[in-house]
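We have chain P already, so just place chains Y, B and Z on it with the hints.
4 protein chains.
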Amino acid sequence: MNSYDAIIVGGGVIGGSIAFQFAKRGKKVLLLEKDRLAGKASSAAAGMLGAQAELEADDPLFTLAARSRGMFPALAKELKATGGIDIELVNKGMFKVALTNEQEAGLKKKINSQQAAGLEAEWLSSADLRKVEPLLSDELKGAMYIPDDGQVSAEKLALAFTKSAVALGVEIKEFVEVSDLRTENGEISGVTTAMGEFSSRNVIVAGGAWSAFLLEKSGINLDTHPVKGECFSVLTNRPLIEKTIFSDGCYLVPKVGGRIIVGATVKPNTFNQQVSIDGIATLIKKATRLLPAMKETEWEKTWVGIRPQTGDGLPYFGEHPACKGLFIATGHFRNGILLSPITGVLMADIMEGKQNQEWTAFRLDRSVQTIFS
Amino acid sequence: MNSYDAIIVGGGVIGGSIAFQFAKRGKKVLLLEKDRLAGKASSAAAGMLGAQAELEADDPLFTLAARSRGMFPALAKELKATGGIDIELVNKGMFKVALTNEQEAGLKKKINSQQAAGLEAEWLSSADLRKVEPLLSDELKGAMYIPDDGQVSAEKLALAFTKSAVALGVEIKEFVEVSDLRTENGEISGVTTAMGEFSSRNVIVAGGAWSAFLLEKSGINLDTHPVKGECFSVLTNRPLIEKTIFSDGCYLVPKVGGRIIVGATVKPNTFNQQVSIDGIATLIKKATRLLPAMKETEWEKTWVGIRPQTGDGLPYFGEHPACKGLFIATGHFRNGILLSPITGVLMADIMEGKQNQEWTAFRLDRSVQTIFS
Amino acid sequence: MNSYDAIIVGGGVIGGSIAFQFAKRGKKVLLLEKDRLAGKASSAAAGMLGAQAELEADDPLFTLAARSRGMFPALAKELKATGGIDIELVNKGMFKVALTNEQEAGLKKKINSQQAAGLEAEWLSSADLRKVEPLLSDELKGAMYIPDDGQVSAEKLALAFTKSAVALGVEIKEFVEVSDLRTENGEISGVTTAMGEFSSRNVIVAGGAWSAFLLEKSGINLDTHPVKGECFSVLTNRPLIEKTIFSDGCYLVPKVGGRIIVGATVKPNTFNQQVSIDGIATLIKKATRLLPAMKETEWEKTWVGIRPQTGDGLPYFGEHPACKGLFIATGHFRNGILLSPITGVLMADIMEGKQNQEWTAFRLDRSVQTIFS
Amino acid sequence: MNSYDAIIVGGGVIGGSIAFQFAKRGKKVLLLEKDRLAGKASSAAAGMLGAQAELEADDPLFTLAARSRGMFPALAKELKATGGIDIELVNKGMFKVALTNEQEAGLKKKINSQQAAGLEAEWLSSADLRKVEPLLSDELKGAMYIPDDGQVSAEKLALAFTKSAVALGVEIKEFVEVSDLRTENGEISGVTTAMGEFSSRNVIVAGGAWSAFLLEKSGINLDTHPVKGECFSVLTNRPLIEKTIFSDGCYLVPKVGGRIIVGATVKPNTFNQQVSIDGIATLIKKATRLLPAMKETEWEKTWVGIRPQTGDGLPYFGEHPACKGLFIATGHFRNGILLSPITGVLMADIMEGKQNQEWTAFRLDRSVQTIFS
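Line by line, the protein sequences give chains P, Y, B and Z.
Mapping the first sequence onto UniProt numbering, position 129 (from 1) lands on 129, and the numbers just tick up by one.
Mapping the second sequence onto UniProt numbering, position 4 (from 1) lands on 4, and the numbers just tick up by one.
Mapping the third sequence onto UniProt numbering, position 46 (from 1) lands on 46, and the numbers just tick up by one.
Mapping the fourth sequence onto UniProt numbering, position 259 (from 1) lands on 259, and the numbers just tick up by one.
No lab work stands behind these hints, which were simulated from the structure alone.
What you are looking at is a predicted structure, and each value in this text was computed from that prediction instead of being measured.
Hints are not guaranteed to be accurate.
Derived contacts from chain Z toward chain P, CB cut-off under 8 Å, selection only [as the list claims (entries may be wrong)]: (1) L55; (2) G84; (3) K163; (4) V256.
Cβ atoms here follow ideal geometry from the backbone N, Cα and C, with glycine treated the same way.
Chain P with its partners taken away, still in its complex shape (with noise of 0.2 Å):
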């Protein structure tokens, strides 16, 4: 039986990113997906690199976000000469707009504490805003400007990971579901698949919202849940808007040749892949509030991504506390897209056993030690 450096499970953005790393490392990788490549989160997403926009400057995760963000000019263009993917990297910054006094103290806030920690962000006021964006709703208050925070395509993004890991010399088998882990004295030793086993010493599982059914097996039982997201996409001829505009429960993502992303509901605890109508009908609500020009806009066509979310709210990163070999990177919740550049580098050194502060704070012991102490 072939034996493989890692064997990948998960064959997203975040499995992508990983084996694209590895395979730069020389080692010798299996990747595993129980559907179609990037079938699931990675293709749902909108793309949006909001470091800025989505956390908040003293999260542990920022520094780690703010790391991946900066991380993908240079990624775009490495991708798009072993791959041949082009990941439509837009770095036109994002408004996150304030709809009421509020929302607009607490951006003024936001920017404050951002600029003090070095971060460029400016607050815009309603005019200024619509000088810039001049379809954009007079009812808003203004926006917080974040001239960092770009999108990707994310589907583009998740092809261009796993096509130049190919590249690189990667192994991919699609519609390959691993049953089982295997394991010898406590450490890892492969997977089982109804194609057969797989071995390796290190097994990486990055199955997204899935990965919880697999972990299970292996005596682990992360505090990770399901989040599922509804989307929407329209198609217009005139751009309306240039930059992305985000608010508090909808955001509008411009895209290449017309397209517009507005997402995303936010619905714990459901692996449900519909749709509903309430979903749609609240989406449409909020953008046509920030953007009236909406309304005479084209539908194109509606998604729901489930989103592996935790308990804390930050990613779990790291070796299984009590089974040598098993690395687990989940819990992206809705920041898959940005974080997976750092997280495929990450996952590389980790696994070489290189050790580093920072990621103390993703550890998989950081809530189950009370099940291995």
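Frame of chain P, contents of chains Y, B and Z only:
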């Protein structure tokens, strides 16, 4: 060159019904469709047979509509036997509901006039209505119950007509657009297409809203215009309604397998087949007001139909005033499915030279008389 | 926590039939489906009811298959009345054709043995065959005519079972994957899912090829494996064949509206749902050899079904040898549609403790006896 | 009524390129498309830039084609900067392969004549070819290597032209069909549509194969006809070929992300957009003969393009011989993508009254001179 007893231009539900009736009378028929069969309004319809719901008892169209509705049970059997297709006729009746006191008064008046005309219709109070349809909003004032207004699958009906026509010997060509009408001495002699010419002494234009383009070439300018209608459908495992629910500006038609069709917006003077966000938002708002449980249903899809409307709201049936052998059947607006059975029979009668006083209201020269007088 | 009389795992045609029969016997049933209802092999099937075409008269499965085939006419009416869905039952018979002298001899022998068993079957010469189906290739040696092997719409049948089950009170949850079976003292007590636990003293695993994943957790290792089958469909305005045409490695099933389904490849030991170019090329070659007029038809679409096969080719019906209350119904391979009516009745009988000598051949312990002895 | 400097009829790659060039020259342009932008042949194309592969060096079209090919690198940057869209230009060259000795001789002769004309082209033996493309069949005799014939995404190119045109101020209306041309004293004055009339002294017909319908109304009968081409695409995780492989009757174009486009059949004189089984079977057979590994790839989809061909194989560029201000650009056959950049510039030059000896071969009156003489 082959010659036909009749050439029908248009492969929707009207052209199909005419072809079926002509074939039953032993005619050699050619049906030409510029795109796919039933690709436009015929497949977009919700399939309501709303003779009493849509028309007043004194409307010139009412008698025709009621007779056409009455043809469906026998037709369903005939089409199933001839072409093998079940048109999914459901005869469970319809509720035309009132949301305001004005609507309630209007419906009660309508009930009276229909009862006076010998038709079945009755008023149900809000409480009685919700005994039958318990999930309807308690905001409703009540409903006009119309036991005889059933429904079919519009798509299946169109398919059944054309497949049955083929079984009876009709020749069908898809993707063949008639670019011109050919005449000799003021009489029709055939049609010109990119695939060559086809000869017949009888040409019937049944192209729905697109009929106008062709009729222009005949020197006639019928007072017709396209009216865009947007719809969407949802899926649900448990049945939410049993009967069709009809209100001002919104209807809900329960289909087999848990599908509900919600329609339809009314946007005149456009052939644009794009679904607007505004259209969807409006329909969802109206539908969930009638049936709050709609919110939890699953979004399926959305589409557009371009319906042929006329200046006075009545369809055109008859021979061209200045071109012998050229017949027209268009202008069915939202009643194309309902009127399709009678239209087939009527056009066959007209082509065979039968006289019938009832048709006078639908003659072509009612609006173009000045041109040809 | 709610408790059910029975929990059925799997929302395909088998799970649906069992749910329907249980509900008819007054049971409180929960049906769990990990994805969408009828999303896998049930919808992929061509819907042939080939009891005589697929099985030998002395096959232990034959009696069951013939009885199940005989249930369809009454079932079609019952499902239409209960759930409103027409399963499109067509009873025009089937031609099992011979391309070689060896195949001719084999079919004639099969006819003899079936006639001896009191079944209807006869040989048609090439000339006689082409009187009925004039477009079939003149290369054919003739055909075995089986008047009683009809067909249905597989997708409609699966839908009809589940919708009728719902109408009778069955509760259905889609996108709920059973991750584990719960037992108490060697008896089943319920199932674990990401949506929580559900309790019942009876759990029926009817997950087709995916059943194996779940059964592993019960300590049983049934000798089953997935077999991929690729199909495609074409559209045609004029009917090319009236009856199902069945040959070695290829069948053509004429559906309503001019669709013909062509199937199916046989690729064991994979859950891969991708259609290969080789699969399509092979099917086209075989189909056009049987029916040259296929060449001019319109391509519609292609798809894959993953069928559950067993080591000895017989399905498994029965109770788990070591876990009271855990029942299994799987391994139907290419006969799932045909066997679904009898499977529902049989599983209801087994669960009610009825004894029947006929089922012995399908007991679970026929292959696992050594483990549990 | 609004008046435009130019009205372009047709929203494909040719109409889009003309609109883009006109807008760059400061014109006020209206582009009308009867359906969706790039909905027909433009999106159906494989995107090869086969100037040397498709044309002989002494073909009157060759100079134009080579110049157009040379415009792509700068155009790609310009379109990306203006409209944000990457046209996925790949400049890896093309192999025109020989399967027979006759083809080998023909290609070697072609290489000689192209080298004599100063173009790059060279012969690779079968062994040398398979060093670069190891998965190609060993049945091949060798290949003509054309380093300068690249490829783009046809769909992206069409989108890039129209989006860039919009960014420069061009007004676009979809679903607006021009039903007639308006003239005054033998000069064009505008167009008639179902959405009303639009005025301009310059109307450019760029409707591909559909141009003929409109030109009939102008009293001109260009010698053009539609040619249907069927294609399909496959997906593969590992790259099978690096460069475009071109042979008699079949080409394979490797796209980003592991897609390979296989084209195309040649079926003259039909607007039928249905894919035939015969077409698919033929393409699969040819493609797998060139590249046996195709067999294991995954089927993605199939489609049809209707290409505009002319009697002498040359496109028409120029002003209508009898109607001042009416311009035509059609007849690009299989070279629409390749010729689109130069066509935009050329039509802008023609409309501005520039003279150029090179265009003579493409004048409209070359074939209609007798009519107007």
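Now for the hints, and whether the structure bears them out:
1. L55: violated, 28 Å
2. G84: Where the cut-off is 8 Å and the nearest Cβ of chain P is about 5 Å from G84 of chain Z, the hint holds.
3. K163: holds, 6 Å
4. V256: holds, 5 Å
The earlier numbered hint that this structure contradicts is number 1, and it is the only one.
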